[in-house]
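Chains as they are written, first to last, in this note's numbering: chain A, 1 to 556; chain B, 1 to 339; chain C, 1 to 349.
Because the hints were derived from the structure by calculation, they are not lab data.
Even for Gly, the Cβ is constructed at its ideal location relative to N, Cα and C.
This list has only true hints and no planted wrong ones.
Covered stretches of chain B, as calculated for chain A (at least 3 residues, CB under 8 Å):
#1 64-74
#2 199-206
#3 210-216
#4 325-331
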Amino acid sequence: MSLISALARGQRLLVPRAALFKASHLGVAVLALPLLAPLVVLLLAWLDLDLATWAHLWETLLPEMLLSTASLVLGVSVVTLTLGISLGWLMARHTFPGASLLRAALVLPLAIPSYVLGFVFMGLLDYAGPLQTALRAWFGESFEFEIRSLPGAVLVLSLALYPYVYLFAQAAFQEQSATHHDAARAMGHTAWAYFWRVALPLARPSLAAGWALVVMETLTDFAVVRYFNVITLSEGVVRLWIGQMDRAGGVQVASLLLVLALALVAGERILRYRARYLQLSGQTRPIALTPLRGWRKWLATAYAASVVTLAFGLPGGQLLVWAIEDVRSAPGGTLDVVFSTYLFNSLALSFGTALLVLLVALPLAWHLRAGSASPAVLRALIRVAAFGYALPGAVVAVGILLLLAPLNTLVAPLSSNAFLLSGSLIGLLYGYLVRFLAIGLNGAESSLEKIAPSMEMAARTLGAHSGRVIARVYLPLMRSELLTAGLLVCVDVVKELPLTMFLRPFGMETLSTWAYMLASESAWVGAATPALAIVVLSLLPTLLLMRRAVLMEVRA
Amino acid sequence: MKTILSLSALVAVALLTGVARPASAQTQVVNVYSARHYGALEKVFAEFTRETGIQVRLSSGSSQALLERLRADGKQTPADVFLVIDAGTLQLAAEEGLLQPVRSPVLEAAIPAELRDPQGRWFALTQRMRTIAYNPKRVKPDEVQDYADLANPKWRGRLCLRPATHIYTIALTSYLIANRGERETERIVRGWVANRPQYIDSDSRILETIAAGKCDVAIVNHYYLGNALKRDPNFPVALAWANQRGSGVHVNITGAGVTAGAANRDNAIKLLEWLATRGQDAGDAGMPGGNSEYPANLTQKPPAILERFGTFKADYAAIARYGALQAQSIKLLERARYR
Amino acid sequence: MTAAPALIVRALSRRYGRVLAVDAASFQLNHGEIGVLVGPSGCGKSTLLRLIAGLESPDPDTGAQIIIGERTVFDADTALNVPADQRGVGLVFQDYALFPHMTVAENIAFGLHRWPKKERRARVQEMLRWVRLEALAERYPHELSGGQQQRVALARALAPRPALVLLDEPFSNLDQNLRSELREEMRALIKQSNTPALFVTHDREEAISLADTLLVMHEGRIIQTGTPHTLYWQPETLTVATLLGEVNVLEGIALDGHAECALGRVPLVRSAQGRVRLALRPEAVHAVPAADGEAVIERVTYFGHDQLLTVRLQAGDTVLVRASGVHRFSLGQRVHLALAAPAAVLQAT
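Make the full structure from the sequences, and use the hints.
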């Protein structure tokens, strides 16, 4: 969800400003460089290349890892694109019973992290689960299907990730000009041909943005593939690093993963080449919603409703049932204490991170706004610093651990009670900052765009000093964007798993680590309570997104 | 807006200080890296705190992940006690100097020599047998007398196993290598793999899958069945002690050691001593009792539920080699395409 | 060339709820003719265009019909409604609607999907040559100027040899200077292709200069049809008169071919009797400086090529007079007024 605001953002308005102080350049560098450091440390792992490890990998798991990674990405891409495009099209161009409600409800699955959806589906759908048990009762003992498999992982990841494509597709189809439709129809093309030859190609950049998010999440997923016995590259990272104690090998496979993701996204861009997909200037007539009639409208309703049910209703309901069972069976009071502690930890971390991210993002965004007045190197530095979002959480964690380990030794003598950088709040917040800066930066940038330079000039000429300008002009204008960005960071932190697992301070459990620990032991009932809490917390900003979708509909 | 900002800043700072709450000088604490998180352990520690006033703070993770973390921490580790569910992991930690030797007459009296490090760097706290579970309606006991029996082609499509990533599988492989050599072990493992086993990353789900009728045979830790029987005395899965004609069933341990950098060394030793004595209770508040494991302290009675499993022979001699054989086991499993 | 008209529209209506966007519109267009639908925005002219193109369906009123060439594409009585993609109508849009993901050549080829490959390629080359864009065939739309984009849009619309081309405000996205130049070019290209064309515009100058036949639309109805000259000089209603340019409206008493009004006895375009309302273009009145002139100049709006004088008559009425930009008039100057053309008689409304 976090990159949505980023990627859906329009063109950036560059405001040339008078010469900036060199001091501010230094400040920006001081803020941006530490964000890059973990990435650099990671790349240094290639210096420690062990050919024997790779030879062994190639003989054993690597071919399978590559094959399952490719199959998984392909499968999830096909399913998410099919679901996202068809649903986005239905919602952007048609009306049918329940459409306005479903339009918003289709975003709800974003509130369920894939590692939660994965264990719920495992509990529901495996051989000993209720669905197959019921089906065996009907169809006889020989009936079975294997959920611990590639198709199982594709199903779960697709249901968890399709909203990314759906959101982008819906917005893209809604924005398209009606005259393109009319032109194609008048030139002798059927509605179907219009969809394939015009509407879909025009939506391609948006679809690519949504798809890129899906691919990143799929490539870096380590929980779902573990539940479903799919040995992907990210599972390989864990196997190498944790299983075989080969940290360098693990990191190398991890960066291979990263290169793969970037190559996919870059490849799409190159294929697109010069063609511009922005609508050309001029007033465009918005496309009117066509009502579906007869059996088609009921089919559309049934289709959208079943996706919502499968991806949200069913897992949400199962979590609720398990959570109630968990609360009932827990010995009096123990759950309360544990739960409130973990909830508190999650909330505190998310608020703290949101604030930190915004505090760092604002000056950087401010600097980017200066445009050509700031050195290109510095602007590039900031862009690369925001790159952490594309990195697997576990990889960022390794980078930070590697980076902080020598610093630990440095500060140890200064501290009386074994004060540590890694495994302290500082390390964890540092990790979150690297991962989630992009969200804050995009929020801060788009909020700054709302402020025309003339507004500042107007305020200044009316006699306001700079503090007053910030308090009375900037902040009120930027508030909603900043709050949204902050909220998105909050949710991402609550849902975040690998980074938290690796970097959390001693003895600190959060909702996500607790849920995963229990889920990985198949203690699904126990995992349900924290998982449900994560879902409920994530629903808040998801609802915010939904409201925006509804507003869009009202305008159209 | 200003008020909102400063308010949220205030809240964030307050919350973060709450999270970071440092142990005040008065409170006695002991910090534990724990690979056990069944809920039962929390009850045992609560009892320890009640008796000694020492707070126990847990940080959980898998045995391997915790070892990796301990390595990253080095001497500055915040952990005082390293408590994991595999003797091999403890041995590796000890070899790498991450654990310190402890001389404790209490521990030495409580824990038999084969269940602790000669230098006192780690001590077993419970014993767990990884053996064969089967569906008594479809399988006769004499069909499943040894791990090697599961390589018989008749189990094709009827075998459930835990994935290769789990330390249980790795330790079992090390035990087989220690007993029968690498070639014979690889033959057995390849036999399992040839039976197209269903890999399920949870022993309790494996038992449920046997009960549901999918698998007829599987390898699990004994206490999962013990716990299942505690909930449902008619749970339709039976246990067979493997390799009784040979060296005995594969035994592993829950064990712990004091970290090399332990800041609360005394409390850490107190905790280990307590766990090896008072904590060995066969009831729910004891370490073996809470999880249906066999006590490491042989003066203690095993939990009542285990009586129905009878007596058996366990291979204690192999334990000492788990650590050294770990890397070899992982490679063997990969070679044999065990997933 | 056949005698049948290129386009016949009969009794076409379109309601949106209670709003009547198009009200029983009927007209026809001959082969090789350029028709222009002109009217204020919101008068229903774009809707009418979309009805003809088949992008919207007319209300199924009795007698409603659309015939393109000799082919009936809509007939309410037989419930015939040929979909847009089978009507063979070319469309040019206000925003051109060029597909940004296709090159110029691909855009032009877009409507030729049913043509054999070889002919398609030849036709694209022909059209490129025709609009003088051969060199830019592989460019993308955003790499072209506004005028070039428009030429591509026209080439694309005409490439499949449509029986009719419809153009919806095609110049409104261009700046003023470019507009008249492109208008001429476009008109020449359409004439050259001999395709009947129907423009929609709200710009009077554009309408008059483009049209062979002008159709004035108001509140959903086509209120007057004719050549630009006829409509300019012989408007039947005040609406048409004011829509097409400045006009003096005078009350008078008519007797056959003449009427008495504030300007004295004026000739009429058609004979009338009794009280009438007259429309007289400023161009039809000449102002000649004369010390004993019966009128006084009250205001001068100077445009360079011409100027608009507001002149007060002795009786107190004012009259607009268009004079050549050569002369210099000053405020308070006395002039003598003379008529150069007859006045139009407006229908009483």
